Amino acid sequence: MHPAALLMIVVAAGAAMVHGHPAADTPAGRFWEHALPDTPMPEAIADLVQKGIDHSPLVERYSASPSSISACTLLDSLCSPQTVAETGVFFRMSQLRPGSTMTLSFPAEAESAAILPRDVPFANLDDVLSTFNIAPGSAEAAEVRNTLSLCQAPPLAGEMMKACATSLEGTVQAAMRMLGASRGVAAATSEVPTGGLPRQPFAVEDVTELAGEMYVSCHNVPFPYAVYQCHMADKSYGDYKVSLRGLRDGSAVSMVAFCHFDTSGWNPAHPAFQVLRTCPGDEPVCHFTTYGNLAFVKK
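All the letters of the sequence shown, read from the start, carry residue numbers -20 to -1, 1 to 279 under mature numbering (1 follows the signal peptide of the UniProt record, and there is no 0).
Quick caveat, the hints were computed from the structure, so don't treat them as lab data. Here the structure is a predicted model, which means the values were calculated and not measured. Treat the hints with caution; some may be incorrect.
Listed below are the simulated PhoX-like cross-link pairs for lysine-lysine, each with C-alpha atoms no more than 20 Å apart in a straight line [as the list claims (entries may be wrong)]:
# : residue 1 : residue 2
1 : K142      : K221
2 : K278      : K142
3 : K278      : K221
With the sequences and hints as input, model every part of the structure.
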């Protein structure tokens, strides 16, 4: 493996997929089936699509969320080290071997934003605030402004391409454009139990290499509805399937994670360095993705 690689790891143990889910018959569900015929829509994504129907943020009041663990894994993250340390979202490459353990804790899916159909206001701050009845100057308005700035910023060092998508259809299309493929693309997402993941040690049971040429990672960023920031790095990749099991309750968890082998261009204040007690470029930095985040692979 190239020493400066971005390694995608699919952590899977009985991942639930859509079978007869109500969201399968929505426009987003039918689009997914057409665009990704070899990948059934993950249940986590189907649940967020259905949430957009049953509990639309266009109707229900939007409240600013606590620190987004998903946003904390972005390359320019300045999240609190304490926030990420409590979840175990960052870890060392050396932990990815059968018999090793890691302590994890992730929030309930209820904290994830609903996926809405296309054509919802996004780019203009005033339009977003008006559509979602958000008061200017509020914490919610600041969160919206920060996400718009994040999406409008140019790619960071090490990113070949970057885009924000405001619908499931747009997210899939953005990933496929980056991968340069209209077919032969598969998707994976973290599968966290509905009530979240109570803090406990997990054992790595198995590590298996999977095939893939290129990868795109799509992070859910803070917004009244699901907005995905997708990016593709400029390094070579490898991917693995890893099984985890809780040492207290025996639960099996399906998750997606990435390992960044070249962190030399990262902000030295990134929380991963403080949690892992390392510095940019010293060693690989790995992180899990949270509920509803997506990874796309060109097979």
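Here is what the structure says about each hint:
1. K142 - K221: Cα-Cα ~26 Å, so violated.
2. K278 - K142: Holds: K278 and K142 sit about 17 Å apart, inside 20 Å.
3. K278 - K221: Distance of about 16 Å is within 20 Å: holds.
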